[in-house]
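Kindly produce the complete structure, drawing on both the sequences and the hints.
Chain by chain, the residues run as shown.
There are 4 protein chains.
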Amino acid sequence: MAASRDEVVERIAAFTIETQSWGYVSTGTRFKVFNTPGTPRTVHEKVDDAALVHSLTGVTPTVALHIPWDRTDYAALAKYAAEQGVRIGSISPNLFQDDDYHHGSFTNPDPAIRRKAVEASVECVGIMRETGSTQMSMWVADGTNYPGQGDFRRRRHWLLESLREVYQALDPDMSMLLEYKLFEPGFYHTDIADWGQSLLLCQELGDRAKVLVDLGHHALGVNIEHIVATLLDRDRLGGFDLNGKRYADDDLMVGSTNPYELFLIMAEIAAAANDDNAVVAGGAREVLFKIDQCAMVEEKLPAMLRSVEACQIAYAKALLIDREALLRAQTAGDVVGANSIVDSAFQTDVRPLLARARERLGARTDPLRAYLDSEAPARRAAERVGTPAGW
Amino acid sequence: MAASRDEVVERIAAFTIETQSWGYVSTGTRFKVFNTPGTPRTVHEKVDDAALVHSLTGVTPTVALHIPWDRTDYAALAKYAAEQGVRIGSISPNLFQDDDYHHGSFTNPDPAIRRKAVEASVECVGIMRETGSTQMSMWVADGTNYPGQGDFRRRRHWLLESLREVYQALDPDMSMLLEYKLFEPGFYHTDIADWGQSLLLCQELGDRAKVLVDLGHHALGVNIEHIVATLLDRDRLGGFDLNGKRYADDDLMVGSTNPYELFLIMAEIAAAANDDNAVVAGGAREVLFKIDQCAMVEEKLPAMLRSVEACQIAYAKALLIDREALLRAQTAGDVVGANSIVDSAFQTDVRPLLARARERLGARTDPLRAYLDSEAPARRAAERVGTPAGW
Amino acid sequence: MAASRDEVVERIAAFTIETQSWGYVSTGTRFKVFNTPGTPRTVHEKVDDAALVHSLTGVTPTVALHIPWDRTDYAALAKYAAEQGVRIGSISPNLFQDDDYHHGSFTNPDPAIRRKAVEASVECVGIMRETGSTQMSMWVADGTNYPGQGDFRRRRHWLLESLREVYQALDPDMSMLLEYKLFEPGFYHTDIADWGQSLLLCQELGDRAKVLVDLGHHALGVNIEHIVATLLDRDRLGGFDLNGKRYADDDLMVGSTNPYELFLIMAEIAAAANDDNAVVAGGAREVLFKIDQCAMVEEKLPAMLRSVEACQIAYAKALLIDREALLRAQTAGDVVGANSIVDSAFQTDVRPLLARARERLGARTDPLRAYLDSEAPARRAAERVGTPAGW
Amino acid sequence: MAASRDEVVERIAAFTIETQSWGYVSTGTRFKVFNTPGTPRTVHEKVDDAALVHSLTGVTPTVALHIPWDRTDYAALAKYAAEQGVRIGSISPNLFQDDDYHHGSFTNPDPAIRRKAVEASVECVGIMRETGSTQMSMWVADGTNYPGQGDFRRRRHWLLESLREVYQALDPDMSMLLEYKLFEPGFYHTDIADWGQSLLLCQELGDRAKVLVDLGHHALGVNIEHIVATLLDRDRLGGFDLNGKRYADDDLMVGSTNPYELFLIMAEIAAAANDDNAVVAGGAREVLFKIDQCAMVEEKLPAMLRSVEACQIAYAKALLIDREALLRAQTAGDVVGANSIVDSAFQTDVRPLLARARERLGARTDPLRAYLDSEAPARRAAERVGTPAGW
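Residue numbers (this note's numbering), protein chains in the order written: chain A, 3 to 393; chain B, 3 to 393; chain C, 3 to 393; chain D, 3 to 393.
No lab work stands behind these hints, which were simulated from the structure alone.
Mixed in with the good hints, there may be bad ones.
The list cannot tell twin chains apart, which means a pair is met if one copy fits it or any two copies do.
Mimicking SDA-like on lysine to any residue, the simulated pairs with C-alpha atoms at most 20 Å apart in a straight line are [claimed, not checked]:
1) Lys34 - Gly388
2) Lys34 - Glu186
3) Lys81 - Thr136
4) Lys118 - Phe36
5) Lys34 - Pro70
6) Lys118 - Ala334
Rendered as structure tokens:
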């Protein structure tokens with residue numbers, strides 16, 4: 003049986019999404035960064051934007067930080083965020099923008115640089131304590147551009163040794179979400195290239211190390227929902243970096259390139275949540291849904307609102323799949339029937355259900371429209387004069 | 003230091019490759035199978051061809067079988083093979099050509115079909131005993147074509163349960179090599195889609211379950227040599243299905259589409275063999291090098307000879323990499339220098355070294371030329387009248 | 003302004019799709035062909051199935067033939083089809099299943115084989131006359147598997163010369179739709195690999211040579227709707243081979259892997275139809291919408307009904323795009339706004355509109371349900387005993 | 003017959019390659035730009051580096067400029083270059099780094115921006131006159147990130163209109179080389195996405211508009227040498243942007259990811275040069291070989307020297323293909339034989355031939371070694387203090 007309309011409304015209202023501080027700033031390609039009016043200049047303004055998105059949508063209560071992009075007095079920032087109605091979410095150490103990381107961070111042949119990277123990460127554990135964050139979102143950008151540039155196995159040992167030190171610094175209620183990425187900035191190899199590499203490292207680290215799935219980090223054609231199901235099955239799914247991609251790590255708005263794929267991923271989440279209430283709503287199997295996009299040409303606030311809605315649409319449709327009928331069709335070998343059941347959920351227009359969920363949350367029925375019709379766009383543009391924040 | 007010329011000759015002479023019985027028969031695409039004169043009609047003629055290739059090259063002492071394609075009196079076949087100068091190598095159960103497998107084998111919703119697939123595999127353990135084979139090469143062709151057609155997690159449990167039963171039937175000196183494949187015949191998902199899926203299952207099965215890397219089974223752009231290095235590091239590399247690919251599982255001659263990639267894969271083997279003599283020449287970490295190609299338009303014997311040579315060329319070049327200089331360049335962050343060391347080995351013409359290795363083995367200096375100049379092509383064509391063997 | 007609901011209903015009712023005779027037969031992969039009960043044994047039974055689909059959907063009045071798969075008394079077949087309520091649509095010469103085509107058809111180094119291929123194609127012109135068909139759908143399967151196997155430029159000259167002879171044999175009211183395909187059965191190169199290759203040849207042939215876009219024949223990541231728009235702009239879009247793909251030429255049900263892409267392609271058609279009524283409904287810029295799928299594991303009739311519906315859904319949603327608002331957003335550089343307008347159309351549930359269109363056509367409201375609930379499945383299975391037709 | 007060793011030496015000595023000013027500066031990814039010591043600060047220092055590469059290799063007599071990156075007194079620069087021993091080569095207008103180009107250049111909905119882009123390009127014609135350049139190398143970076151953001155056909159008309167105005171401003175001895183690129187910075191579509199799009203525009207512009215093939219701008223799996231052969235056949239190959247890629251537009255050292263592909267591309271050039279001496283050495287069918295790489299982590303001068311050598315190696319091997327034997331094998335349908343002939347040339351170590359060609363040119367036998375052993379690296383690092391040039 004599919005969830006009833008009322009259940010869908012309830013679950014959508016309970017389904018929270020994390021926005022990221024660096025999704026509000028000016029970013030672009032290696033060719034050019036275009037600014038848009040109203041871009042935040044400080045971490046406090048980023049938090050303001052995150053709080054605005056939460057007030058409009060009702061489902062984005064946390065904001066992720068990237069250190070040192072968001073360096074500040076963290077305890078004060080946590081207090082400030084709370085005053086705006088949001089909390090600090092996951093914390094990511096940045097291990098790729100210092101000149102020292104020219105030849106890698108955790109896998110650098112120079113032990114002093116590896117030490118520096120470990121310490122920068124351990125510093126983030128302190129920030130997590132100060133801000134009440136329990137999830138370290140770890141992307142290791144290390145890789146090489148040419149055959150011979152690095153020794154795969156030696157680098158792997160350095161990587162594991164470094165990660166282990168960081169992992170052991172975590173408090174018992176903290177977890178490490180370990181990201182993987184096929185390429186960029188390494189164009190020949192990346193040290194954590196796929197979910198298999200990430201999972202192996204997590205196994206070697208411990209139970210609170212889990213795999214983070216960035217929707218833009220796979221080879222073309224890879225079936226992401228199958229990976230998600232497998233990680234759920236082994237209790238190693240830590241969460242998602244949500245965005246849209248067509249070719250590479252395009253970091254576009256969530257669901258904008260292939261909404262059906264997003265729906266199928268959410269279908270795995272919905273199925274697992276069915277079996278085990280804990281997947282989405284918290285507990286040991288909590289999964290982080292973090293947006294990780296870059297608004298390169300478009301307005302950033304609208305882009306974020308669109309992405310939040312895209313996640314909700316996909317999840318709502320996933321909840322509408324009639325799982326009992328699906329199981330029957332699968333068991334009977336009725337291929338077209340099984341697929342039709344999935345498709346029928348996808349064809350449903352769930353926007354009215356979203357509107358009801360928002361109403362229940364006291365949010366705006368149409369967050370994007372509400373934002374555009376408010377004085378916020380003009381106010382942000384007027385107030386935020388000067389250098390916008392970037393990466 | 004790179005291996006000396008003499009060492010390279012010695013190692014090339016010791017580097018053995020398995021040819022496969024189904025590489026000698028008529029195969030093609032879904033559109034058409036074209037025959038060529040002299041194609042074997044029986045498993046004995048396939049063994050004859052394998053023995054011919056071994057007599058010409060000196061490095062292909064074993065031939066892989068696929069059951070039931072090669073169904074026969076196995077003890078008698080082993081004896082026949084020995085008389086021709088070769089041995090039976092790995093054994094593959096075929097779990098995809100019976101009508102019963104319409105909706106899968108190990109993951110079929112029908113327990114009777116799963117049972118049948120397990121029994122067909124366990125039967126192969128008996129064949130291994132009869133033929134002296136110690137490696138089961140397992141490709142599970144299961145997958146789905148449409149979202150909803152199967153339940154990923156339920157299928158995974160069936161798969162593991164089935165594999166476990168087969169694994170436990172193995173004798174202590176036998177191992178299971180578990181293949182993965184991105185797609186085909188499943189076009190939406192395959193149950194063992196990548197090395198991560200395969201490795202997870204191997205971990206759950208036991209130490210003698212290892213990953214088999216088919217060079218044509220990856221998404222475009224995936225760095226295969228990095229996977230190989232990781233599996234070597236975790237002692238889970240079981241072996242290779244060697245072939246060439248450009249787009250999909252093209253099953254072309256080995257090295258014919260990207261000889262540099264083959265060289266880089268062999269460079270990981272050579273580096274590991276350096277650290278641990280056992281990798282190539284036998285022992286606990288023995289790695290199987292099995293050719294798995296389909297000659298769709300070309301003559302089959304020449305194609306096989308070309309593939310054997312391509313493996314030897316790649317391996318010989320890999321042995322020529324100056325590993326000490328490479329380590330120095332890597333440590334110094336000398337990117338161009340490190341890459342130049344690798345490239346210099348690749349640029350070397352190693353055919354004279356191959357000729358020396360063949361001389362030492364009592365094989366023909368130029369196996370392809372020797373074959374073409376012999377009476378074998380005409381004799382095979384004349385004798386082998388009637389229906390050629392196929393898949 | 004988007005089309006009104008009534009206009010959408012009207013346009014959906016006028017939007018016809020061609021089914022293909024080889025979509026009703028047993029097909030599979032190179033590994034195995036699985037049959038399903040009720041598969042046609044003869045071309046007449048294929049026509050029966052096509053007529054059944056038309057009676058259920060009201061929008062598939064023509065059926066494409068492949069020669070010699072469908073060899074018969076063509077005038078009689080045309081009469082028989084008319085009696086069943088359908089017409090013969092496009093005709094495809096098969097240039098890849100004779101042993102003679104081992105090394106190519108139009109590009110074969112042997113002039114006698116090239117002559118044979120030309121004559122087989124010219125024979126199809128006669129069949130077109132006998133059946134009232136006006137479109138030759140031409141797929142040249144030629145290509146190579148290895149570097150050096152063929153000379154690209156010499157092959158191109160032979161190809162052009164051959165095609166020209168076929169083109170010149172066409173009657174003035176006939177057109178040639180020239181397909182392209184990235185790979186398979188050629189795995190190193192195909193002679194007409196992409197739309198650029200096809201277009202160049204069409205330009206050299208004449209105005210009635212147009213490009214045929216098979217949705218499964220592109221490299222991963224390619225933007226098909228952009229190609230479609232470009233061909234429309236140059237008046238060189240001949241039509242579509244409609245199917246679904248994820249990796250290669252998977253020939254799955256239409257829209258089953260990426261319904262959003264299908265919608266975006268239809269959006270280009272809808273936009274062009276807006277400017278120029280003739281695109282869809284006939285006339286000089288008529289575009290052929292031909293299904294070209296293979297039901298490999300699923301029931302064939304249901305699969306065909308699903309594909310027809312998928313096309314209609316995509317086209318109906320495309321018609322709902324508010325083009326005036328879109329133009330305003332584009333002109334204003336409102337990226338999120340423009341994308342939202344497109345997304346809003348996609349989110350709409352158009353199944354009620356389809357039901358209305360079917361009512362108007364006197365077809366079944368839910369063709370798949372109607373088929374499954376009828377006695378047709380059981381009757382087909384009972385009557386069609388014996389060898390099913392295949393490729 | 004293959005070219006004799008002496009002919010190869012002669013042709014290698016005559017085969018000139020253009021280096022690009024922006025290949026000497028500090029570039030990186032969107033994540034980080036790492037500097038290396040000795041990076042040029044001015045266009046004059048870029049020319050110094052180009053001249054140094056020419057003095058070491060003897061085959062890079064021209065240097066490409068990008069405007070406005072290289073804005074200066076152009077006549078003076080041309081004089082300065084001549085004094086250093088090099089000339090100004092192709093000129094590229096930069097149409098992607100002004101804020102004005104936020105929503106495109108030639109395809110911008112705002113006619114004032116389109117006008118600006120046209121004028122910036124026409125300005126480059128003046129620079130060409132001042133510097134003696136005859137080739138405009140045109141990359142249009144326009145594209146969109148989201149469905150709906152732009153109207154493909156309207157943009158195409160604006161693009162053609164703009165290009166036409168630039169084309170018509172060219173002097174009769176000048177040509178326009180029109181680049182294509184699958185993606186980046188547009189992640190949903192790019193207006194000139196593939197060679198077909200570029201060729202169509204060139205046809206509409208005139209005979210002196212030709213296609214520029216950047217080796218990193220194709221979808222994965224695309225057969226570039228087939229495109230090159232087709233463009234040669236239609237006399238529309240303008241030239242190359244040479245670099246290495248694995249995944250996206252990685253802009254790595256030439257030949258570093260797939261030297262066999264580079265060789266096969268050069269084989270088409272060599273074959274065409276055989277038929278028509280003019281292809282490489284000048285004249286109507288002159289083809290530009292321009293390096294277009296970014297040294298992101300490696301030393302820039304060594305990287306450029308490696309790339310020049312990689313081109314020479316590939317071309318030398320291509321010249322060694324025995325074309326008469328190849329034709330015989332192709333005609334006989336001897337697939338393995340034909341491929342073996344190509345492979346045999348590739349396996350040859352041509353570095354001794356390169357050394358002879360350099361000797362004849364009065365260049366250094368081993369340019370990279372000569373550079374590293376000279377005082378140039380230290381001198382450049384010592385003199386070039388301050389802000390390095392970048393994009």
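Of the numbered hints stated earlier in the document, which are not met by this structure? none
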